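Here is how the chains run, residue by residue.
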Amino acid sequence: MRLLILIMLAFGVATASTAAADPIPAQVVNVRPAVNVAKRSPHSDRVESKDKGMALLFWMFAAASVGGALFVISRRNLIAAVMGMVGSFLGIAAIYMMLYAHFLSVVQMLVYAGAIMVLFVFVIMILNRPEDEPVAPSGRAGQVLGGAAILYLVGRLVMLLIHVRAPATAAAAPGPTPEGHDWGSVKAVGTDLFGPDAFPFEAISILLLIAVVGAIAIARPLHEDKTIDDEGNPVPDPVTGAH
Amino acid sequence: MSDILFNVGYGHFLVLAAVLFLIGVGGVLVRRNALIILMSVELMLNAANMTLVTFGRMWGDVSSHSFALIVIAVAAAEASVGLAIVVAVFRGRRNVDVDRLTTLRH
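Read top to bottom, the protein sequences are chains A and B. According to this note's numbering, the first sequence holds residues 1149 to 1391 in order. According to this note's numbering, the second sequence holds residues 2 to 107 in order.
What the hints contain is simulated information worked out from the structure, not anything from laboratory work. Check each hint, because a few of them may be wrong.
[Said to hold, decoys possible] Using C-beta positions, here's what the derived DEER-type ranges look like:
{"no.": "1", "chain 1": "B", "residue 1": "56", "chain 2": "A", "residue 2": "1201", "range": "21 to 27 angstroms"}
{"no.": "2", "chain 1": "A", "residue 1": "1358", "chain 2": "B", "residue 2": "56", "range": "28 to 34 angstroms"}
{"no.": "3", "chain 1": "B", "residue 1": "6", "chain 2": "A", "residue 2": "1315", "range": "20 to 26 angstroms"}
{"no.": "4", "chain 1": "B", "residue 1": "103", "chain 2": "A", "residue 2": "1228", "range": "25 to 31 angstroms"}
{"no.": "5", "chain 1": "A", "residue 1": "1228", "chain 2": "B", "residue 2": "95", "range": "21 to 27 angstroms"}
{"no.": "6", "chain 1": "A", "residue 1": "1208", "chain 2": "B", "residue 2": "104", "range": "45 to 51 angstroms"}
{"no.": "7", "chain 1": "A", "residue 1": "1228", "chain 2": "B", "residue 2": "6", "range": "38 to 44 angstroms"}
Quick caveat, the model's predicted, so the values are computed rather than measured. For each residue, glycine too, the CB sits at the ideal point set by N, CA and C.
For reference, chain B alone in the conformation it holds in the complex (with noise of 0.2 angstroms):
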């Protein structure tokens, strides 16, 4: 158990990372507004990146930093573009609750 708490290895970060996935994951599935939605896929890109740079961190490789800064660039990109729908959204429908964007269904 103390080993556990005090020896902080690799797989503290990966199943932190795990967790804060899951969390994103759970709010992507529970909630019905579209920006907490998209701030949980935030949330997913970060554990991802998390995981990345841990495992770039355990074989020594530099390039999962690369990496993770493009994750975080693709991620800036997704936010903006997601927002700008979300706007777009709310000026045509007056609320941006996903539950209730069925236009398209019908």
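Pulled out of the complex, with its shape left as it was, chain A reads as follows (with noise of 0.2 angstroms):
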């Protein structure tokens, strides 16, 4: 027992002594890893470490897509409004983007902000006429309750929020998915959505044909209605300007 005391030390002296002689120290490689352990914690909630340039981004795109929101609310010109909109809209594909979900970043710059917003823009031309009284009047009882309703709603966010915790797996970048892909890239998602979810990616398409369907129905013109304003007058037709 002694002896083995005595080569284990002897043979400790010689690695040290070996290590010390070495013109490139061993510690220098392990010294990297080392640092990174001891800055995040085992618990780091944190998405990117200690990265200033990552954090000013995320600022200057959360203050786009919330500026963006805040000028849909408080726009009159509707115009105005979409253009917020597609800010917005902007803002939150570079969120995700940021989440590392690539895919999902450049299909909600094509359907929100291409698809969507240029339907809307279309809708807004037809109509295209401007709004005498952009806010709801609404009496005392109800600005009292609905800033009651707003303070909850809150107040339960806030509570949620506080409780949220990372799992102590999180790590601060997604390593690739249990198939092998990279996190968030198309393969990922499709072997996803082709695999465990493919029922509510068949759902969707017979409810994307039903919307289809059903918005051809809606907005065609019944011209055997009767087209009324609000004084029950009748008026012309907008697109053919028939009686």
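Hints are included, so try docking the two chains, each in its own frame, into the full complex.
What follows is the structure in structure tokens.
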């Protein structure tokens, strides 16, 4: 036993001396991961570790999305509201990119900032009518009730968000999915969408078909119907101009 | 303070989503134009999507992206049908003020 300890001590001194004699110390290689582990607490919930550039980008895009949203609900001009909406959606797409949801970010830009907003612009062009009074008037009771409801909602949201805890396994950058694809890539999302989530995917196709048929059926002009304004007077059809 | 500013974590994304959702709620409650109300609803759907993606990122579950895609598709369907209704209402009444759509009340 004593001999064993002696041999171990000798081995330790020998390795220490060789390490000291080594022109490229082995510790230098080990320093970087050790510092990283010390920086990141075991229950870290940060997406990017102390990266000021990333933080600056986050605040920029958060300001773009919140500012665009405030623009939407405060503008009287509908086209201005739509442009604020586009800015908000682009900010949200960038935020998705920061969450490593690359494919979703591109889809957000194409579908929301592209297609849906163009649809809105077309409808606004068809309507082409300035608003008389953009904000709904409400009585004292309505204001108090609405304010109380909003405060309750804010309170519940704050309580929920305070209790959110990230799991201990949360990493600074997400690794590949169990199938081995990059996180948030088209392959990863597609593997999930055509595998475990195939049923919602197929249900969505039926929903979209119904929505297309329904939208055409609703928006089609009905010439046999009498078109009346608020006072009950007949008005010309906006497309044909006929009474 | 500087920790909140420079240490962007999941909480930041969740709070941002909550703020966007609240702005959407405010738009639905306050505005009278049906188009603005539809846009506010889209804003709320986006905020919910952002929460979904953040939690998926937090728990390492990529199926959150699939569900966010499905929510986007539902939002597209909702926008198309909602805008069709707005156009149909405008054809009949020449305005899209939701406070003046009281025909069904009588």
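Right, here's what the structure says about each hint:
For the pair residue 56 (chain B) and residue 1201 (chain A), the beta carbons lie near 25 angstroms from each other, so the given range of 21 to 27 angstroms is met. With their beta carbons about 29 angstroms apart, residue 1358 (chain A) and residue 56 (chain B) fall inside the hinted range of 28 to 34 angstroms. Range check, residue 6 (chain B) to residue 1315 (chain A): Cβ separation about 25 angstroms, and the 20 to 26 angstroms hint holds. For the hinted restraint 25 to 31 angstroms between residue 103 (chain B) and residue 1228 (chain A), the CB-CB distance of approximately 29 angstroms keeps it satisfied.
Our hint of 21 to 27 angstroms for residue 1228 (chain A) and residue 95 (chain B) holds, since their Cβ atoms are close to 22 angstroms apart. For residue 1208 (chain A) and residue 104 (chain B), the Cβ-Cβ distance of about 47 angstroms falls inside the hinted range of 45 to 51 angstroms, so the restraint holds. Range check, residue 1228 (chain A) to residue 6 (chain B): Cβ separation about 31 angstroms, and the 38 to 44 angstroms hint is violated.
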